[in-house]
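S.K.: The primary structure of each chain is shown beneath.
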Amino acid sequence: MESIIAQASSYAADVDRVIMIIFVTVSIWFLIGQFVFFKFIFKYSRKNNPRAGYVTGETPEDTKWIHRAHYSVLVCDVLIIVFSMMTWYHVKQDLPKPESTIRILGQQWAWKFTHPGADNQLDTADDIVTIDELHVKLDTTYHFKLEAKDVLHSFSVPVFRLKQDAIPGRVITGWFKPTKAGEFDIQCAEMCGIGHGIMGARIFIDTATQHAEWIQKNAPSISGITAQLDSNLAK
Amino acid sequence: MTDQAHGHHHEPNFFHKYLWSTDHKMIAMQYLFTGMFMGVVGAFFAYAFRMQLAFPGKEVPLYGLVTANLYNSLVTNHGTMMIFWFAMPVLIAAFGNYLIPLMIGADDMVFPRINRLSYQIFLLSAIVLIASFFVPGGAFGGAWTAYPPLSASANYNLTPWGASLWLIAVALEFVAFLLGGINFIVTLMNARAPGMKMFDIPMVLWTIVIASVLFMASVGPLIAGAIMLLLDQLLQVGFFDPAKGGDPVLWQHLFWFFGHPEVYVVLLPAMGIVAEVMTVFARKKLFGYRTVLYTMIGTGCLSFVVWAHHQFIAGIDPRMSNLFTITTLLISIPVAEMCFVYIATLYRGSIEFSTAMLFALAFLAEFAMGGVTGIFLGSSGDIYFHDTYFVVAHFHYTFVPIAVIAVFAGVYFWFPKMFGRMMNETLGKIHFWGTVVSFNGIFIPLFFLGAAGDHRRIFSYENFPDSALPAYQSLRVVATVFLVAMLLFQLPFFYNFFVSMFKGEKAGKNPWKSNTLEWLADSPPPHGNFVELPKVYRPPYEYSVPGRTSDFWPQHEKA
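Chains as they are written, first to last, in my numbering: chain A, 1 to 235; chain B, 1 to 559.
If you are wondering where the hints come from, they were derived from the structure by calculation, not from laboratory data. Fair warning: this is a prediction, and the values are worked out from it, not measured in the lab. We put the CB at the ideal spot given by N, CA and C, even for glycine. Among the clues, some could well be false.
To be verified - Covered by chain B, per the in silico footprint, the following chain A stretches (three or more residues, Cβ under 8 Å):
hint : region
1    : 95-105
2    : 117-128
3    : 131-144
4    : 148-155
5    : 167-177
6    : 210-219
The task is simple: from the sequences and hints, build the whole structure.
M.R.: Here it is as structure tokens:
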């Protein structure tokens, strides 16, 4: 998977491991199945075998082949279930202690991100609100509070292997820890109306210094707010 | 005796024969042709939106410009039509109506008038759906799953008429299939020829009846849901509106509680058709009749407890994902077992590669791909793959083998019975290879695009820099080119179908040397089906029985 799409979160490798385990297991089954299937097709064609045999498939001699196959499917299922549950637990159930928390709001048709600002606290005066741009710091455990304003949206960051629907009326908490610096796509992965196809955003994963610079540059300054108020009053 | 029993089957006039018929064969034809028509419309929609994906913003030949709005409507209605107005009417209603009375040796369905009503409601539902494209605001575009709040409020979906008409059409279609299903179940249970015991019933009839039971048992919650959603749309009641104390996720549960069994509602009849075709052209008894039957019932039961795997990331309690991962992976056992049994049926067979058989074999080969890719999505791989093109490719690898490949196997196989003439085998083989090769050409690229992160229902990837790479765009073009090829390869089929209907070689009663009762009737069977109602002496798949010179042994032959 990594050769197709970058791994940029701490759990991307876990999700990819499940995918690879399944890929190997089902490929073996698929290839064996197709091999036997095509072998039979050629071996038992009308030309090679003009008169068919009579096999009921109900004697123990016949059914043992089917039973062996289906018990081995069961074993593979159990293996996949175990790895799958470990990943479910790690990604969706277990919430590690956050070093920072952001708020994400999906709406027709944009993502609104509230960053905690320099004091690392949400709902304070220095919060930085952006549209369609999320700035996070490398190797930091984030919690996100995901909300939707109007219809369902789905917060999807492919390089994180993270996807979570946003539902109006609920605040869903999840987590991620970015592990690779760079700029990547954020998608809305749930049909949300005419603008669904343009509801893209970008995530900027910065080093600690870059991130601090970004906060400083975008901090809502008192003078800025006053200037804004003045201009509004003037109108 | 015979004359007395069938004295009421006089030849009806044109109106009663073609438009107001209660004859199961005519109703089957009505369903078949309506379903095929809707299938062609659905395929044309796919052509229009795939052209937009390959060549964004360009006029699509024969269609025009696909805007974001139209794109959503086309995708939504492509899915809706292909499942509810193509797969179900053709697989269950057309084959069910045609085959059940003929294969059990009856003269008609038990409730012929309910049968007629079923088709009439179905036709009405199709008209309502098509009408939704011509109303102010256009057709509904909120995906075939119609998740509220988007589907519940015109303020969000901007299709005030389209959304309600879509919902009414779907609800009407369910009513039609409930009526049809009641008829199928009662007929199979009560009208079998003397001597036909439970394990003498041809597998295709079992599959259609099990499918009807699954449908009846699962559709109730969704009909309730549809009425609730309609009330939300029209009267702003707020069942699914959190601001009024409702819950949007409730709809998802109601929808998928039906939606997942629905997959098996269409899968099982397809497996049934394939069983009939394979046994005839391999001259083999079906391997483990009872095993097949029990795995089908087992699959049906399990299919009721896997629905939430569609909602892994939808805000359900994350602990629930574990449970539904277990049930979803367990369902792989009966389904894999069915595939093993079908492959085992070929063992020591004597396979004739007729067009029907090629399609039946292709069903197995292609469906296997759909089956194994489902494992990725039923597990925590779904965190990444959910709502990507990987999902799209996965379910097309299940639904296309089911609704297209198996249906073609059935049409080529029963065409001689339906119309009394043979189809052309050369054209059939051109059609087969063209269809199967281009089908793979469409969806293999989509697996890669899904793995690379492409999400569904996006009219243009220009807004997503990571997906807009030229390499990915060329994969989209490849998929679209193969789609156009696949559509063009249907032309030999339609030519073959309509020309053979009138000009094909005469078929005779039993051209494939098959065992089941429909081949005892004339081709095409007259009103009332049989000159003398048959009796049954043995199970349906007694091919190549040792000690007999003939390699088949019809169910109705006394010794």
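S.K.: Can you list which hints this structure breaks, lowest number first?
M.R.: 1, 2, 3, 6
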